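Student: Heads up: the sequence lines are chains A and B, in that order. Position 151 of the first sequence, counting from 1, maps to 151 under full-length UniProt numbering, and the rest follow consecutively. Position 219 of the second sequence, counting from 1, maps to 219 under full-length UniProt numbering, and the rest follow consecutively.
Some clues are possibly wrong.
Stated by the list, open to error - So the derived list for chain B, only partly shown, Cβ under 7 Å to chain A, looks like this:
| # | residue |
| --- | --- |
| 1 | Ala49 |
| 2 | Thr50 |
| 3 | Val104 |
| 4 | His115 |
Simulated from the structure, these hints should not be mistaken for laboratory data. Quick caveat, the model's predicted, so the values are computed rather than measured. Note that beta-carbon positions come from the ideal geometry of N, C-alpha and C, so glycine has one too.
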Amino acid sequence: MTTTWHVHDDLLAAYVAGRLDAIVGASVEQHVARCAECRASTTPLVDPRLLARGWDGIRDAVESPALPLPVRLARRCGLPEPTAVLLAAATSLRTAWVVGAFLALSFAALAVVLAGGELLAPFLLVAPLVPVIGVAAAYGHQQDPLETLVVTAPYGRTRLILVRTVAVLASVLPFTVLLGLFLPGPAWLAAAWLGPAVALLPTLLALSSFVGPRVAVAVVALGWSAVVLFSLRGLPATWPVEATQQLVYLALAAMSLVVLAARSSRDRRIGAVL
Amino acid sequence: MNAVDLTAVTKTYGRTRALDAVDLSFDRGVTGLLGPNGAGKTTLLRIVATSIAADRGDVRLLGRDPHGSHAELTEIRRELGYLPQELGYPGDMTAFGFVEYVAVLKEWNDRGRRHREVRRVLELVGLGDLATKRVSKLSGGQRRRVALAQALLGDPRILVLDEPTTGLDPTQRADLRRTLSALGGRCAVLLSTHQTEDVAALCERVVVLAGGTVRFDGTVTDLVATAAGRVWLCDDEPGTDALVSWRTGTGRHHVVGGTPPPGAVPTDPTLEDAYLLMLGADAHAVRAPA
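Excised from the complex, chain A in its bound form:
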């Protein structure tokens, strides 16, 4: 719609300064919204910093990508914003993956419940492997197309991998502990699966530095499955996570850390420790 009448300069200045009463203000606003010429005359009257701030805010909302749900929840719990951006790019922290992990754990727990507590193997098999697979999916050459940039960035590849590892573990930890508490069997089972999980993670990282994450995760998963299957041959249901075995896992973790440290000191790729 075109119009020949335009808002007077003084009136426009008063409108921009917020000095008009509600009725006159609303009338001017109605007109300015429809009249390009008056809108153009408004522009020099508005503080450009205010405009820039408003525009930045709009672009922020439109341009910055939405964080996946698990990362948003972690933000609520105090996760720093820059770390959230990094974690959002990791496949294993996407909503779909986390839901998948929860489903796998739930089915394993269901199998234990249906077996009436005689059989803990499904839960003991799945619980330590979920974080291991999650870390493998968030790590390494094939999984991380940005590898070349990660290696040369000041943030550091090792730090990124460790942050992701902790994040993956943290994302499944509460749910797994909760399931463990409700399962038939001893209550300490809720924490016992952490032993092998914590041992298998450095093992995965150490192996990955030789053969890459894909092969490494397969080796670790097969190894742990063998341990759990072995326990099915007449051993107590809790055998894979009993004290003696936990010591073995601790030794395995320590050994893997030593291997990682040795690899990092000899590696000729600058900064590419893992």
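Fit chain B to the given chain A structure using the hints.
Tutor: Quick look at chain B alone, frame taken from chain A:
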């Protein structure tokens, strides 16, 4: 102090010597690296980008040693922009998301400042309006520009660009040249390319690498001058001793090197002619005779 100082830098992969005791220094300005595939260009750039370490020799970046302490390495990396030859993009990232991810890796921790910087570099490569588009939906040239944008974050003092013009159309290449020449005044830009026209249009200095050694290091004009009197135009097929020759669109033969064929008219050499002559027999690895 130069931005980049390389002394007797050697790097081998198995039995292949990718770089053989290379001495080079770079400071402000745009330097072009030319050389056939396997000449050691990418290895050299990766060493300067602190992606790999040299086997032997001394590397100084901004006066610091990248093989030194972790703190020293991090200091260097804060002043470094790197565009690798090949870069993957997580499928569902937007252009903005991709550059922002790298910005976080480069320690832009303040959200507001980071977003402004991401926007600035995207505008600089002409992708301001495509910020919200997924990288997987962008064309090859646009993707290359997204990759370039991340290298420009924070106005680095050393900018390492491995074949930045691959996949760009002539207009985009011209735009990129404008961006890079503006940057060259402020930082050391090191770029490798197969496009001699880019080097001729953009670089104050050109380094020709072949077989892991430096064959030429000087100005573009000096490199072109080495071919003076060795390039001809003639009507007949040239003799077999010409280094390369091809029939041009006008029907005449452009002959580089060898003895001048009968009736040949000397012509002004291009940078490409000089480059091919510089490589000599190695040139055939670059361009087979037409």
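Student: State the violated hints by number, sorted upward, taking the hints as numbered earlier in the document.
Tutor: Every hint satisfied by this model.
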